Amino acid sequence: SQKIEQNSEALNIQEGKTATLTCNYTNYSPAYLQWYRQDPGRGPVFLLLIRENEKEKRKERLKVTFDTTLKQSLFHITASQPADSATYLCALEGGSQGNLIFGKGTKLSVKP
Amino acid sequence: EPEVTQTPSHQVTQMGQEVILRCVPISNHLYFYWYRQILGQKVEFLVSFYNNEISEKSEIFDDQFSVERPDGSNFTLKIRSTKLEDSAMYFCASSSQGGETQYFGPGTRLLVL
Chain B
545 SQKIEQNSEA
555 LNIQEGKTAT
565 LTCNYTNYSP
575 AYLQWYRQDP
585 GRGPVFLLLI
595 RENEKEKRKE
605 RLKVTFDTTL
615 KQSLFHITAS
625 QPADSATYLC
635 ALEGGSQGNL
645 IFGKGTKLSV
655 KP
Chain H
323 EPEVTQTPSH
333 QVTQMGQEVI
343 LRCVPISNHL
353 YFYWYRQILG
363 QKVEFLVSFY
373 NNEISEKSEI
383 FDDQFSVERP
393 DGSNFTLKIR
403 STKLEDSAMY
413 FCASSSQGGE
423 TQYFGPGTRL
433 LVL
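Residue numbers (my numbering), protein chains in the order written: chain B, 545 to 656; chain H, 323 to 435.
Treat the hints with caution; some may be incorrect.
[As the list claims (entries may be wrong)] One-sided excerpt, in silico: chain H residues whose CB lies under 8 Å from chain B: (1) F367; (2) Y372; (3) S377; (4) S417; (5) T423; (6) Q424; (7) Y425; (8) F426.
[Unchecked claim] Straight-line alpha carbon distances no greater than 30 Å define the calculated BS3-like cross-link-like pairs of lysine-lysine that follow: (9) H/K400 to B/K599; (10) H/K364 to B/K547; (11) B/K615 to H/K379; (12) H/K400 to H/K379; (13) H/K400 to B/K607.
[Claimed, not checked] From the derived model, a few chain H residues whose C-beta atoms are all more than 10 Å from chain B: (14) V326; (15) T329; (16) V346; (17) I348; (18) S370; (19) E378; (20) N396; (21) T398; (22) E407; (23) M411; (24) G427; (25) R431; (26) L435.
Calculated directly from the structure, the hints in this document are not laboratory data.
In this text, all values refer to a predicted model and were calculated from it rather than measured experimentally.
The C-beta atom is built at its ideal place from N, Cα and C for all residues, glycine as well.
Looking at chain H on its own, in the form it has when it is part of the complex (with noise of 0.2 Å):
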């Protein structure tokens, strides 16, 4: 059964510098997510992007954070300098249609020191 990869599993960084996380959505899907999660919050939504360009954003979004689908299989969430509170579970998630079921990836774990 097709599924969303996401890389790395584990990310640690020091505080101001760049990281890039990593997903492969599946492949006929259309749309595509990222969230994130603070330890012991709810899930919350970052971004989402559809047809080559973000569709829409959340406040969280602000302009440290860009995303990218550089070639068409892979969907890349960078945070240019990142800070303290950036320390978060980091969710890929696609769907083939817009409102309807979202697949989400295993996460990646990231740690600003």
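So that you can see chain B by itself, here it is in the shape it has in the complex (with noise of 0.2 Å):
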């Protein structure tokens, strides 16, 4: 069965840094990847899809990237600001119904 790995629990940086956020499976490439924003005792918030066949997507200070070979998804902030302190949450389709398997998150902590 797909499993996900967000590589970092925990990422603390400064205000006006690149967060950069990394997403690997382990199994059958998906045909979609999305990237979702997680505040504490909050349901998960869309950000960004990206499909098997684009390499990367921007949205304003976020970029996501996605490497098929490495089976592997990229996620960046820049200008990173303390509003973007969240969990970051990788997902990826679980089924032909668009049912979603969820990364554990990465807790972005950005300090002024």
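Put the two chains together into one complex, using the hints given.
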């Protein structure tokens, strides 16, 4: 079965720096990969979706890459701000109806 | 902006009792999901629902669980006889197409005593 590893449980960076989060998967290459943000006690909020035929996707200060050879996605937040502090979840398709398999997440803390 | 809503926000129940968690998905969405998140653990898929029937379910979704879309707007998750290990945050999600962006509700925190 598909397994997802988000290598860092926690990442601390200084405001203004670029945060880079890693998501690795172990089995079949998914048709797409998604990144979500989760704040404590709240539901995941969708950020970006990247498909298997896309190398890179951007949205404002966010950038996602998808390397099916390495079985890896990188998620970047440039010019990070304290408000970016949250847990970021990587998710892959888990079935034909779109159910998602989530990684455990990386908790990002941006210090002023 | 349309959003997924869930009620109640918190539910405390005794072991063995039945609970019903309610969700109102985004109105033009066709795919509905339930996930759960045990404290400190990852979000886990429970069940997906499309065209008025279960389309996929995980190993967690055993005979104690059931889902229903009773009236075209609500989407419910019933746990027939709760166990201590059912204590978790339960999230409802919906999407316009399978395999696309899912919109999550704020969750129901269930505590089984």
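Right, here's what the structure says about each hint:
1. F367: H/F367 check passes; min Cβ-Cβ to chain B is 5 Å, inside 8 Å.
2. Y372: holds, 6 Å
3. S377: holds, 4 Å
4. S417: holds, 6 Å
5. T423: holds, 5 Å
6. Q424: holds, 7 Å
7. Y425: Status holds, d = 7 Å.
8. F426: Holds. Min distance 4 Å.
9. H/K400 to B/K599: violated, 41 Å
10. H/K364 to B/K547: holds, 12 Å
11. B/K615 to H/K379: Distance ~26 Å between B/K615 and H/K379 Cα, so the pair holds.
12. H/K400 to H/K379: holds, 14 Å
13. H/K400 to B/K607: Not OK: H/K400 and B/K607 at ~39 Å, beyond 30 Å, violated.
14. V326: violated, 8 Å
15. T329: holds, 14 Å
16. V346: holds, 14 Å
17. I348: Label holds. Min Cβ-Cβ 12 Å, cutoff 10 Å.
18. S370: H/S370 is in fact no farther than 10 Å from some Cβ atom of chain B, at 4 Å.
19. E378: Contrary to the label, H/E378 does not stay out of reach of chain B, its closest Cβ about 5 Å off (not over 10 Å).
20. N396: Consistent with the label, H/N396 stays out of reach of chain B, its closest Cβ about 18 Å off (over 10 Å).
21. T398: holds, 17 Å
22. E407: Per Cβ check, H/E407 is outside 10 Å of chain B; nearest 19 Å; holds.
23. M411: violated, 8 Å
24. G427: violated, 6 Å
25. R431: violated, 8 Å
26. L435: holds, 20 Å
Hint violations for this structure: numbers 9, 13, 14, 18, 19, 23, 24 and 25, all remaining hints satisfied.
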